[in-house]
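Protein chains: 2
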Amino acid sequence: MNKIITKSYTQFNEEENFLSETLFHNANGYIGVRGSLEEGVKNGVDTMRGTYINGFYDIIPMKQAEMLCNFVDKKETMLNVADTMSISCIVDGELFDLNSGKVISHKRTLDMEKGITKRDIVWESSTGKQVEINVTRMTSFEMLSLFSIEYKVTALNFSGDIKFISTHNPDVTNYSNPKDPRLASESLKNLEVKDFYLDGKSSIAISETSVSKLRMCSLVHNSLYAEDNSLLKVEVSDIIGMQGVYTAGATVKKGGSTRLVKLSIFADSVRSKDLSGKVLGDLETILENGLDHYYKAQEKYMSDFWTNCEMEIDGDLDMNSAVSFNMYELLQSSAKDSFASIAAKGMSGEGYEGHYFWDTETFIMPFFTLTNPDLSKMLLRYRYSTLSKAKENARLLGHKNGALFPWRTITGRECSGYFVSGSAAYHINADIAYAFINYYITTSDLDFMREAGMEVLMETSRLWMDLGCYDSNGNFCLNVVTGPDEYTCMVNNNYYTNAAAKYNLNWAVKMHDILKEAGFAGEIDKKLSITEDELKSFKKAAGKMLLLYDSKLGINPQDDSFLNKPLWDLENTPKENFPLLLHYHPLHLYRYQVCKQADTVLSYFMFENEQPRDVMKRSFEYYEKITTHDSSLSTCVFSIVASRLGMKEKAYSYFGDSAKLDLMNTHNNTKHGIHTANMGGCYMAIVNGFAGLRVLEDGISLAPSLPDSWNGFRFKLVYKKKLIKVTIDKEKVTVELLEGSSQNIKIFSKEYTLTKGEKTTVKMED
Amino acid sequence: MNKIITKSYTQFNEEENFLSETLFHNANGYIGVRGSLEEGVKNGVDTMRGTYINGFYDIIPMKQAEMLCNFVDKKETMLNVADTMSISCIVDGELFDLNSGKVISHKRTLDMEKGITKRDIVWESSTGKQVEINVTRMTSFEMLSLFSIEYKVTALNFSGDIKFISTHNPDVTNYSNPKDPRLASESLKNLEVKDFYLDGKSSIAISETSVSKLRMCSLVHNSLYAEDNSLLKVEVSDIIGMQGVYTAGATVKKGGSTRLVKLSIFADSVRSKDLSGKVLGDLETILENGLDHYYKAQEKYMSDFWTNCEMEIDGDLDMNSAVSFNMYELLQSSAKDSFASIAAKGMSGEGYEGHYFWDTETFIMPFFTLTNPDLSKMLLRYRYSTLSKAKENARLLGHKNGALFPWRTITGRECSGYFVSGSAAYHINADIAYAFINYYITTSDLDFMREAGMEVLMETSRLWMDLGCYDSNGNFCLNVVTGPDEYTCMVNNNYYTNAAAKYNLNWAVKMHDILKEAGFAGEIDKKLSITEDELKSFKKAAGKMLLLYDSKLGINPQDDSFLNKPLWDLENTPKENFPLLLHYHPLHLYRYQVCKQADTVLSYFMFENEQPRDVMKRSFEYYEKITTHDSSLSTCVFSIVASRLGMKEKAYSYFGDSAKLDLMNTHNNTKHGIHTANMGGCYMAIVNGFAGLRVLEDGISLAPSLPDSWNGFRFKLVYKKKLIKVTIDKEKVTVELLEGSSQNIKIFSKEYTLTKGEKTTVKMED
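As they're listed, the protein sequences go chains C and E. Residue numbering for the first sequence follows this note's numbering, beginning at 465 and increasing consecutively. Residue numbering for the second sequence follows this note's numbering, beginning at 465 and increasing consecutively.
The following block holds chain C by itself, in its conformation from the complex (with noise of 0.2 Å):
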């Protein structure tokens, strides 16, 4: 029952209808479709009605202001392809649509455990003819090219006709809104229709992209089906004009019902060269296998998923919808091939046009290496294959050596327009070599960082030496590099980068170690051109990297001048100032202790072992007082480390800021797409965070603590092949090793070895 999340409605409500059009949009990791109503809404309504397939995009231009050398001027930009949702419905001559007539009711609901989104109404024509109409949508994980709606329509209280326009528009452009300032402001037309015909009852469109070249293609083929009766009419296919037209009907009895099979294919030549073929073989392998089929398999994909990364929280139903929500969001968002990756609004929307950041590897990423991670080896082998993009990047910022990962990016070109806070957040580089790090640790998969894993340390580890320098006391430093918190930009040693870049560096010493262990020394040294000297170089910086820390107050600076600057009088602030970006210049921002998110803290649980816990709970403390959590990355981080600090309820109010923020919109901007980075957050904060998971070289630990409401919680995990079950409740965490022969683990710092088959309790600690 938790996995089935609804709203109903009263009557057409345009900021409510925005909203749900992002909870109640049908992705996959290829195809995205935002939950816009079949019928459209009226001229002037605020919506983005949008399909997208990821990793698919233009190239625009991006006007500087004033053009500096080497600014970034076009980005990528994820495109609307085309518009395959429509469908009117005509009821004994009346068009069905939310302002007219009377909605009785109107339900919508996502269904996690079947992997699709239905919608349930109850209308009565302006004569009094009453309808239920029932509306099913799933993006197929199965077949990831397909998206289908079913739409039933039962006449209630009356006999007569019941007529459906459907149609095809592949001329579409993406949203934009003149009235917000961090919106579009001119419709995008970049995808210009080159061919549209009709193959059968199909409709093809394959349309070009301006300036990139992609090509896509869609194809829309309906179906009417007359039930109980029901006498069907006519059906029609044609293209007029740039749309394509199915129109059919039936008449149907006073309770009789019937039913349109709208199936669309999308194809796209990042990945296939025969758009059409591809289109129409998968049609014919749906028609053969039948949409029944495909509900089947998604319904048991989503059970395999649930069953895979089972997360249950006993006592709080609520929290337990959230945190299914969450996880099914990052399952639809995350690409199901190396083409693409996760994009901050996943396939949701088009806030931040489509980008990957570093919420990827550093947010999300590690959810599905504990619980997919042959997900995970995808997407960092997405990020691999952007590697000669990244160098390009490094060159372009004036670096020698070395590799810079991009801030924002689809195919792995930098498209940050501000690069204040854009390209000179340097830290990502070390965020996507901790993924690789971390996949390695969880996994032991050394073929993959034989392949792909070393060079990314090596090249990342490169660019961090070509950045730094040693200044006249010996420590190795990192200047005019912005960390993750964006209301100090460019500064000195930011504590979060420097340490992140440590373990950088020292890991590709260590991964180096290992490949001459396992043999694989020569053929990694003349693939990358690895020299001893270079090795060493990277183990001397690591030693030196200068880590602030401030004696007087016992904490961590953020960076070299961060303490020297006024505290930013959050107190005074007018609720209304919030997020501060809105409301105030960078300029003023950047001369005061405020932090837009976790920044030093985030580095207390990537790298925890670099500081006491006396000089973390300090820090902590500090930073708490000046943080304002206008970023959605950071409640789930402050909750995760206020766990490990054994800040209790802390840890669970940040938590529940967190677990709810799409599904309660608390950011007030779901509208334009989901936070799939704090979505990843929230996992962490209940595995990492309160079941005090650690994935270390030396093993795997737990320190469990239980949130006060809750009666307990339990999930699973996938280390080294080996699967785990942890049940943690009011008095004792339950272990057990459900597939693979023996694990050791250490609980509350003892250690364990689990057996296949037998439970391993211990009790809880406070």
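These are calculated hints, taken from the structure and not from any lab test. Small disclaimer: the values here were computed from a predicted structure and weren't measured. Mixed in with the good hints, there may be bad ones.
[Unchecked claim] Okay, the calculated bits of chain E under chain C, using three or more residues with CB under 8 Å as the criterion: (1) 521-528; (2) 875-883; (3) 1023-1031; (4) 1164-1178.
Think of the CB as a built atom: it goes at the ideal place given N, C-alpha and C, for glycine as much as any other residue.
Got chain C; can you put chain E on it based on the hints?
Using the frame of chain C, we list chain E on its own:
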């Protein structure tokens, strides 16, 4: 002789012509006309054919790649207003053109004694008909609205027809060049012709800007004269399409000539209400007086100018020319009313869009303050008129109190699109305050301080208080600002900025004391809401201002992290990579010890008493090694400070680089306009550098040194309404009071009292 600059050309050369358009432009501070050829150039030849009105602008959008809070998204830009310089000359049926027939000689002249430019051409048509063409252009200092062209043609070896087509084209665009990323890539068409008609022989066009809705008017009046028995043919004036066309001709006997006099008169709605009334009134006056009257008036004006600010170098004719040229250009560039100021490129071209920077107050105004203080007062009045916009600008950047003058502007709005090295250059506030103080010290004009100066000192001081904060050691700090050097941005405690702010704060208190003593405290305190506590806070902050000093190197670090950064390897940087800003991303530049221009070194000129001589000397030597002088504001400052520190040869070498910058086109961009700040700096390098002039609160002093290659030099200055002449030769300094009864002056630290008519002579020191 040294006030006449000529260039001779053999054949038409595109680059040379573009450069000459700048060097031979005419301007009077109100209008500026590029020295483009009357006959035009062939299609496709790069030319900036422009006529400008100082302070006449439109507002154009400036799209930000990423729009953060309160980013500047529109800017003012100086418009090309009309083309009234075009004249076609048809020699017995053949159009005169430098690319056809045969150019026997072609010389251009800038006559700085007469205040005119000339072209003298001997040309032979393809049929062997030779003419001499003499063109004289003037922008009148007496009648600021007037631009005149006198175009005389003499038939050298034939008798025949000479025909003129003289046009008036108000339908113009600004310069654009899609090939150069530093210039507008699309032509700006922001001026619409609203009315265009004939009034007798005159064509009158009234145009309006698209956004600012300013209007301007151009009147063109042609007259043809036949001389030496030549026969005048009928004149026709007409408006054809968007062009006013005047056609006339003469039948000329061999040796005879004909002469076209073209008067252009401009008016604008910034200054006048009845535009056509204004231009017609001016025309009447001009026709009554005759053009010769204005030539004479121009010569008188120039003669007075040269007398007032006499500057002669004995023993270096070339340098003398260069220095005269620079002073002349400053006169041409400077507004003669308080509706405008001095653009970075004067009125000579569209570089920097006609914007006013700190250049005016810091680099140019000292020349006028010493030679023509009324002009300085006018320029200060303009700044004062923008104070309310400076307050708005401060609010946009988050300051609750005070005013922040914009980095670049026409009317006082910030027009910088890259705030990192634009709006963040807070030092402009202190630079403007400094100019007010310097004007007061030089003139004792307390009335103006009471009227305007005190308010500027207060509002700029208030900004420093709002910006700054005390650190834990009790030092007053200014964080996240950009100093003069744009190769390091958004730093803390930039030495120059802090020293300048200190001066600003101290003088706010001091000026208040002076006004109090004069009995104006009550009035001023009420007008500006000044309290004793506020003045105390200024004094305290100034006293505690952090002026960084590095005891290891014994120098003043440019900012609090400057010395921690690695040195840029200037030696191994390829020559073609200068200026660095065109070849390296700012993030890269910011990470090194490398300076675009004088920064700390500039403070040693302006705030000399803050540091002992040995610190300044060590700092000078330190910064000298890492300064590229990629900015045109640099070598002049290095010259002054070198002079003061006794580094005679260096002083002269830097001076040489500065003096001929535009005349020799050493920065290779003079074609887009002159570098007015450098021209002012060149003057200071002589007067404040070589002559060692200091004008301080407690009096004036000289400490001259003579460049080895000079026999001597002399100049005049006005100090507290007293005209003083200074003559320096190898043996002695001679000072003479030309106007005023008596004046004290220190020469080589010894005080002398000058009496009118008596010369004071002091032996030169080493």
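Now for the hints, and whether the structure bears them out:
1. 521-528: Held - the segment 521-528 of chain E has 3 residues with a Cβ nearer than 8 Å to chain C, which meets the minimum of three.
2. 875-883: holds (count 4)
3. 1023-1031: Check passed, 5 qualifying residues.
4. 1164-1178: It is violated, with 0 qualifying residues against the three required.
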